[in-house]
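K.L.:
Sequence:
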Amino acid sequence: NGNVYVIGNSNGAALAMRLASNAGTELPIKGIVTKVTQLLSSPSRSGPGVLNYNQPSSTSPKVSVLNVMGTGDGLIPYTGGPSGVFNGVDDFQLMDALESMIVWAEH
Numbered sequence: 001n002g003n004v005y006v007i008g009n010s011n012g013a014a015l016a017m018r019l020a021s022n023a024g025t026e027l028p029i030k031g032i033v034t035k036v037t038q039l040l041s042s043p044s045r046s047g048p049g050v051l052n053y054n055q056p057s058s059t060s061p062k063v064s065v066l067n068v069m070g071t072g073d074g075l076i077p078y079t080g081g082p083s084g085v086f087n088g089v090d091d092f093q094l095m096d097a098l099e100s101m102i103v104w105a106e107h
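The numbering used here puts the first residue of the sequence shown at 1, with every later residue one more than the last.
What the hints contain is simulated information worked out from the structure, not anything from laboratory work. Be aware that a few hints might be false.
Said to hold, decoys possible - Cross-link-like lysine to any residue pairs, in silico, SDA-like; alpha carbons within 25 Å at most:
#, residue 1, residue 2
1, LYS35, ASN3
2, LYS35, ILE102
3, LYS35, ARG45
Taking the hints into account, I'd like the entire structure generated from these sequences.
P.N.:
Below, the structure is given as structure tokens:
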């Protein structure tokens, strides 16, 4: 009951994006501030259950997003793709940072 806002940096930002992607009556997320990450382009889900989607759906509530990224990050690539943060597991691919913001803007 109420408005929930989340802020996160790096892994915390990934969690904030995941929470916002799964916003709804069970997760009443209204806005997020994220630093140093973007949405995952794959996989579409990170586990079983109803709250494990990695991208917002067209039917989920609107969420305000402020994202801060940099082009010189050696771990989280601005242009997307694999990252060392996933310990060599290539199943996890980051979206291009601008594409990620387009997904949120069109959501």
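K.L.:
It remains to establish, for every hint, whether it holds in the given structure.
P.N.:
Against the structure, the hints:
1. LYS35 with ASN3: holds (21 Å)
2. LYS35 with ILE102: holds (16 Å)
3. LYS35 with ARG45: holds (22 Å)
Checked against the numbered hints above, the structure breaks none of them.
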